[in-house]
Every structure is written in C-alpha cells, then in structure tokens.
Amino acid sequence: NRGYTFKEYEQKIDMLRSLIPEIAITSDFIVGFPQESDEDFRETLRAIESIKFDGVFAFKYSKRPFTKALNMDGHVDESIKAERLMELLKLQDSITLKKNKALEGEVVEVLLEGRSSTDSEKLTGRTRSNKIVHFFPKGGENIGDLLNIRIIEARHHHLYGEIIYED
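Going letter by letter, the sequence shown gives residues 93 to 259 in my numbering.
You may find that some hints are simply not true.
[What the hints assert, rightly or not] Derived lysine to any residue pairs resembling SDA-like cross-links, with alpha carbons at most 20 Å apart:
1) 214 <-> 237
2) 144 <-> 195
3) 160 <-> 121
4) 193 <-> 147
5) 182 <-> 141
6) 182 <-> 147
7) 230 <-> 244
8) 214 <-> 254
9) 182 <-> 198
10) 193 <-> 237
11) 99 <-> 163
12) 99 <-> 152
13) 144 <-> 163
14) 191 <-> 163
15) 191 <-> 111
16) 104 <-> 221
17) 99 <-> 126
18) 193 <-> 131
19) 152 <-> 193
20) 152 <-> 163
[Claimed, not checked] Listed next, with one range per pair, are the computed distances between beta-carbon atoms:
21) 185 <-> 113: 34 to 42 Å
22) 122 <-> 206: 16 to 24 Å
23) 154 <-> 240: 38 to 46 Å
These are calculated hints, taken from the structure and not from any lab test. Cβ coordinates follow ideal geometry from the N, Cα and C atoms, glycine included.
Please model the entire structure based on the sequences and the hints provided.
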C-alpha cells in the first residue's frame with residue numbers, strides 16, 4: 093500500500109547518504125501484523141541489514157478498535173510477536189553498536205542538554221545525528237552550548253566522550 097518498492101526506498105536512502113554522509117536514518121517497525129508470515133518477517137530483517145539504520149523504533153502489533161486490521165484473519169500469536177521483536181531488536185543493536193564504535197576517536201559536535209540522569213557527575217548532550225553522549229564537565233559549560241567532544245567509548249545506546257577545547 094505504500095506506492096513504492098523496497099528497491100526504490102533503498103535507492104532514496106543511498107542518494108541521501110551520498111548527499112549527506114553524516115545523516116542519521118531511523119525507521120519504525122511493527123512486527124506480527126495480521127497475516128505476517130515468517131518469510132515476511134525475514135524480509136524485514138533483510139531490509140534492516142541492508143539499510144543499516146542508525147536506530148529503529150519497533151513494536152509488537154496490538155489490536156486497535158475501528159481499524160481494518162482488527163477484523164483481519166491470520167492474527168499472529170503473542171509469543172511469536174515477542175520472539176520476532178526480540179530478534180529484530182538484537183539485529184538492530186548489533187548494527188547500532190557497530191556504527192557507534194566507528195565514532196570512537198572522532199571529535200563530534202554535541203549540544204549540551206544538562207546533567208546525566210544516570211550519573212550526576214556527568215553532563216549529557218546529543219550529536220547532530222541525535223546520538224546521546226555522556227561526558228565530564230571541565231567547568232563553565234551551559235545548557236545549549238555546542239561542544240566539541242572526542243568519543244572515547246561507544247555503547248549500544250549512547251557514547252562516552254571528553255570535552256575538547258581548542259588552545
């Protein structure tokens with residue numbers, strides 16, 4: 093129902109990445125939509141592997157009143173939906189970690205958002221591609237500042253870095 097093929101979608105992603113190499117691309121996925129076969133799901137995994145999204149937002153299909161899907165045949169068992177969701181997230185986690193690891197040693201611009209919610213001694217900000225970065229303050233940093241941060245460690249869902257001030 094989308095009006096385009098996966099190949100066309102893939103070509104558009106390739107074009108965007110050639111024009112803006114640092115672009116971050118994310119997508120939403122619903123697993124276990126009525127009549128989703130195992131092959132349909134495998135095709136979704138192949139698409140994720142091919143595109144290599146920077147991140148995904150993935151959910152199990154759930155029944156919603158007043159939707160066409162509510163009355164469709166072929167509802168997928170909850171346990172299968174849960175398995176598929178975990179498999180999809182595991183694949184994406186490996187892709188995200190690899191992309192994040194590629195940033196180790198790089199200096200990136202980070203917008204300071206405030207104190208880290210998990211470690212009050214650290215500050216937190218986001219890169220232009222929306223990656224979360226935690227780092228220790230050096231003094232004088234303010235919310236809203238754009239800081240140069242050298243990435244020293246990459247994790248699945250965030251990065252650790254250090255502030256770099258030019259001499």
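Status of each hint after checking the structure:
{"no.": "1", "hint": "214 <-> 237", "result": "holds (15 Å)"}
{"no.": "2", "hint": "144 <-> 195", "result": "holds (16 Å)"}
{"no.": "3", "hint": "160 <-> 121", "result": "holds (18 Å)"}
{"no.": "4", "hint": "193 <-> 147", "result": "holds (14 Å)"}
{"no.": "5", "hint": "182 <-> 141", "result": "holds (11 Å)"}
{"no.": "6", "hint": "182 <-> 147", "result": "holds (12 Å)"}
{"no.": "7", "hint": "230 <-> 244", "result": "holds (16 Å)"}
{"no.": "8", "hint": "214 <-> 254", "result": "holds (10 Å)"}
{"no.": "9", "hint": "182 <-> 198", "result": "violated (26 Å)"}
{"no.": "10", "hint": "193 <-> 237", "result": "violated (25 Å)"}
{"no.": "11", "hint": "99 <-> 163", "result": "violated (31 Å)"}
{"no.": "12", "hint": "99 <-> 152", "result": "violated (25 Å)"}
{"no.": "13", "hint": "144 <-> 163", "result": "violated (34 Å)"}
{"no.": "14", "hint": "191 <-> 163", "result": "violated (41 Å)"}
{"no.": "15", "hint": "191 <-> 111", "result": "holds (19 Å)"}
{"no.": "16", "hint": "104 <-> 221", "result": "holds (18 Å)"}
{"no.": "17", "hint": "99 <-> 126", "result": "violated (24 Å)"}
{"no.": "18", "hint": "193 <-> 131", "result": "violated (31 Å)"}
{"no.": "19", "hint": "152 <-> 193", "result": "violated (29 Å)"}
{"no.": "20", "hint": "152 <-> 163", "result": "holds (17 Å)"}
{"no.": "21", "hint": "185 <-> 113: 34 to 42 Å", "result": "violated (23 Å)"}
{"no.": "22", "hint": "122 <-> 206: 16 to 24 Å", "result": "violated (33 Å)"}
{"no.": "23", "hint": "154 <-> 240: 38 to 46 Å", "result": "holds (43 Å)"}
Hints 9, 10, 11, 12, 13, 14, 17, 18, 19, 21, 22 from the earlier list are contradicted by this structure; the remaining hints agree with it.
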